[in-house]
Amino acid sequence: MSEQYKILHPVKYYRDYLAHNIRPDGREFDKYRPIVVNLGSISTADGSAIAKVGRTTVVCGIKAELCQSKAEAANEGFLIPNVELPPLCSSKFRPGPPTEQAQVATQLVADILKNSECLDLKSLCIFPDKLAWCLFADLICLDLDGSLIDACMIALMAALKSVRLPVIDYDPALDNKQANLEHRKPLNITNIPSSTTFAKFDDKIVMDPTVDEEDLSTALITIALRKNELCFVHKPGGASVTDEQLLKCIDESQKRAIVIEGIVETALRSLQ
Amino acid sequence: MSKNRELLSKIGLRLDGRRADELRRIRCKLGVFTEPDGSAYLEQGLTKILAAVYGPHQVRGNRSKAQHDAAVVNCQFSMAVFSTGERKRRPRGDRKSTEISIHLRQALTAAIKTELYPWSQIDVYVEVLHADGGIYPACVNAATLALIDAGIPLKEYVCACTASLANNDVPMLDISHQEEIIGGPTLTVAALPMSGKIVLMEMSQRFHVDHLQKVLEKALQGCRDIKHILDEAVKSHIQDVGSSTGWANTT
Numbered sequence: 001m002s003e004q005y006k007i008l009h010p011v012k013y014y015r016d017y018l019a020h021n022i023r024p025d026g027r028e029f030d031k032y033r034p035i036v037v038n039l040g041s042i043s044t045a046d047g048s049a050i051a052k053v054g055r056t057t058v059v060c061g062i063k064a065e066l067c068q069s070k071a072e073a074a075n076e077g078f079l080i081p082n083v084e085l086p087p088l089c090s091s092k093f094r095p096g097p098p099t100e101q102a103q104v105a106t107q108l109v110a111d112i113l114k115n116s117e118c119l120d121l122k123s124l125c126i127f128p129d130k131l132a133w134c135l136f137a138d139l140i141c142l143d144l145d146g147s148l149i150d151a152c153m154i155a156l157m158a159a160l161k162s163v164r165l166p167v168i169d170y171d172p173a174l175d176n177k178q179a180n181l182e183h184r185k186p187l188n189i190t191n192i193p194s195s196t197t198f199a200k201f202d203d204k205i206v207m208d209p210t211v212d213e214e215d216l217s218t219a220l221i222t223i224a225l226r227k228n229e230l231c232f233v234h235k236p237g238g239a240s241v242t243d244e245q246l247l248k249c250i251d252e253s254q255k256r257a258i259v260i261e262g263i264v265e266t267a268l269r270s271l272q
Numbered sequence: 001m002s003k004n005r006e007l008l009s010k011i012g013l014r015l016d017g018r019r020a021d022e023l024r025r026i027r028c029k030l031g032v033f034t035e036p037d038g039s040a041y042l043e044q045g046l047t048k049i050l051a052a053v054y055g056p057h058q059v060r061g062n063r064s065k066a067q068h069d070a071a072v073v074n075c076q077f078s079m080a081v082f083s084t085g086e087r088k089r090r091p092r093g094d095r096k097s098t099e100i101s102i103h104l105r106q107a108l109t110a111a112i113k114t115e116l117y118p119w120s121q122i123d124v125y126v127e128v129l130h131a132d133g134g135i136y137p138a139c140v141n142a143a144t145l146a147l148i149d150a151g152i153p154l155k156e157y158v159c160a161c162t163a164s165l166a167n168n169d170v171p172m173l174d175i176s177h178q179e180e181i182i183g184g185p186t187l188t189v190a191a192l193p194m195s196g197k198i199v200l201m202e203m204s205q206r207f208h209v210d211h212l213q214k215v216l217e218k219a220l221q222g223c224r225d226i227k228h229i230l231d232e233a234v235k236s237h238i239q240d241v242g243s244s245t246g247w248a249n250t251t
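Residue numbers (the UniProt record's numbering), protein chains in the order written: chain A, 1 to 272; chain B, 1 to 251.
Because the hints were derived from the structure by calculation, they are not lab data. Fair warning: this is a prediction, and the values are worked out from it, not measured in the lab. C-beta: ideal position from N, C-alpha, C; glycine also. Careful, some of the hints might be misleading.
[Claimed, not checked] Selected chain A positions facing chain B (in silico; Cβ < 10 Å):
#, residue
1, R27
2, D30
3, K31
4, I35
5, S41
6, I62
7, N82
8, S90
9, R94
10, I140
11, F201
12, D203
[Claimed, not checked] Where chain A lies over chain B, by a calculated footprint (3+ residues, C-beta under 8 Å):
#, stretch
13, 74-85
14, 209-216
Can you build the whole structure from these sequences, using the hints too?
Written as structure tokens, this is what we have:
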């Protein structure tokens with residue numbers, strides 16, 4: 001019965017739940033879904049991780065390649081994220097070129113990485129202007145149930161922490177590269193940025209929305225933090241939000257960021 | 001690469017320690033995702049495959065594709081860029097992927113009772129997370145499980161397996177990536193195991209036609225064994241789902 005009600009009057013269905021200060025999946029407005037992280041499952045990739053936020057599942061694989069650094073950034077390497085939303089993650093996507101949502105997600109992840117300076121690109125340089133590491137971070141969403149950017153960031157940071165790059169001996173005069181595959185070093189990751197998504201419905205703000213809640217919402221806010229510093233706020237249009245609500249969201253994101261950092265560190269210890 | 005490694009050593013062991021007629025370990029799970037109507041995850045050795053099924057639903061895109069007497073089956077095969085040793089530039093759309101998508105569609109169409117869903121479309125999406133040989137057979141097996149999880153009526157399980165010939169004499173089962181590279185012919189067979197019908201057969205390299213019978217027999221036996229494993233997984237999944245909902249008739 002409630003299934004039919006949900007399909008026929010989705011807004012009223014959701015409003016009835018919110019009036020009792022609870023959401024359809026039983027959470028309160030400021031509760032987030034459980035997070036699961038697993039590292040190192042894909043051995044063909046140089047670093048890999050799978051992150052689940054509730055049911056949203058994102059797998060991240062990092063492949064490292066050698067390349068020449070750009071002329072304007074001669075002593076920096078590259079970290080290139082790419083978010084893919086294949087049709088198997090949701091019935092909204094068809095096979096074909098990347099959708100707008102995937103491209104926007106890729107740009108958001110790239111911006112968060114740049115702003116948080118979690119990885120010093122200079123440490124990826126092997127020889128200035130000649131040779132540098134290029135890390136391709138490919139994020140594939142396997143199941144889309146809201147909070148895509150949150151899951152992407154967790155998977156990406158966990159995968160980056162698990163990367164072990166071989167030491168390269170480079171002779172510039174002879175252009176000769178020797179890779180020492182036995183001796184591997186981890187990357188120098190200074191902090192773990194994480195993001196939290198909020199959805200606004202009527203005048204209430206809920207944390208960590210599912211895909212049904214995202215579709216019904218009138219505005220979405222994504223906040224990314226590293227340690228106690230804000231590194232990214234994304235509110236693409238939608239209904240307006242008061243400044244008290246926004247500050248409250250930032251507070252709640254800070255608490256969640258600490259929990260996420262703890263989870264990634266624990267998962268990393270299990271790998272060792 | 002001048003190491004002369006034999007596919008089958010003198011004491012009858014292969015490169016990864018298996019005997020000639022042993023399958024790699026298969027682990028599978030149905031219903032791993034909530035969005036698709038049916039989904040499955042399958043591991044065969046190190047090869048990891050995800051399959052998702054949407055449907056049957058209305059024909060999307062080109063309406064003229066719809067058939068009045070059968071459902072249209074649409075398969076898409078895609079490899080994650082980090083699934084192979086070298087980073088793959090094009091996850092889909094290159095010739096190999098398109099060929100595998102078409103073969104997948106042909107194999108699955110033979111088993112799905114498409115005549116029950118005229119004017120509809122069934123989508124099957126397969127994603128390879130880790131490639132280590134035997135990709136196509138693993139995709140077929142995963143797609144079969146996903147179809148069963150979606151509740152789409154099948155005539156039979158479709159199981160696929162690879163087989164090869166070692167030392168020009170001994171047939172081997174379930175070829176891994178290392179064994180494919182070293183050389184040696186590979187015969188891929190997709191079959192309906194219970195009725196013994198072959199749905200798709202493909203071969204690379206060459207061997208003498210006298211050996212065909214025994215290599216084919218090996219592959220078909222492999223398909224039958226895989227069908228047992230998949231059947232066990234389906235039964236335990238149904239038990240889990242059924243007992244958690246109390247085997248109840250909900251009205």
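Comparing the hints with the structure gives:
1. A distance limit of 10 Å between C-beta atoms decides the matter here; for R27 of chain A the minimum to chain B is near 16 Å, and the interface restraint is violated.
2. Taken as an interface hint, D30 of chain A does not check out: its beta carbon lies about 24 Å from the nearest beta carbon of chain B, beyond 10 Å.
3. The restraint placing K31 of chain A at the interface with chain B is violated, with a minimum CB-CB distance near 19 Å, outside the 10 Å limit.
4. The beta carbon of I35 of chain A is not positioned within 10 Å of any beta carbon in chain B (closest approach about 17 Å), and the interface hint is therefore violated.
5. Look at S41 of chain A: its Cβ gets to within about 8 Å of chain B, closer than 10 Å, so that hint holds up.
6. About 7 Å separates the beta-carbon of I62 of chain A from the nearest beta-carbon of chain B, less than 10 Å, and the hint is met.
7. Checking N82 of chain A against chain B by beta carbon gives a least distance of about 8 Å; that is within 10 Å, so the hint holds.
8. The beta carbon of S90 of chain A comes within 5 Å of a beta carbon in chain B, closer than 10 Å, and the hint placing it at the interface holds.
9. For R94 of chain A, the suggested interface contact is upheld, since its CB lies about 7 Å from the closest CB of chain B, less than 10 Å.
10. Hint status for I140 of chain A: holds, given a least beta-carbon distance of 6 Å to chain B, under 10 Å.
11. Here the hint on F201 of chain A is broken, as its CB sits about 22 Å from the closest CB of chain B, past 10 Å.
12. The beta carbon of D203 of chain A comes no nearer than 30 Å to any beta carbon in chain B, farther than 10 Å, and the hint placing it at the interface is violated.
13. By the rule of at least three residues with a Cβ nearer than 8 Å to a Cβ of chain A, the coverage given for the stretch 74-85 of chain B holds, with 8 such residues.
14. By the rule of at least three residues with a Cβ nearer than 8 Å to a Cβ of chain A, the coverage given for the stretch 209-216 of chain B is violated, with 0 such residues.
Checked against the numbered hints listed earlier, the structure breaks hints 1, 2, 3, 4, 11, 12 and 14; every other hint is satisfied.
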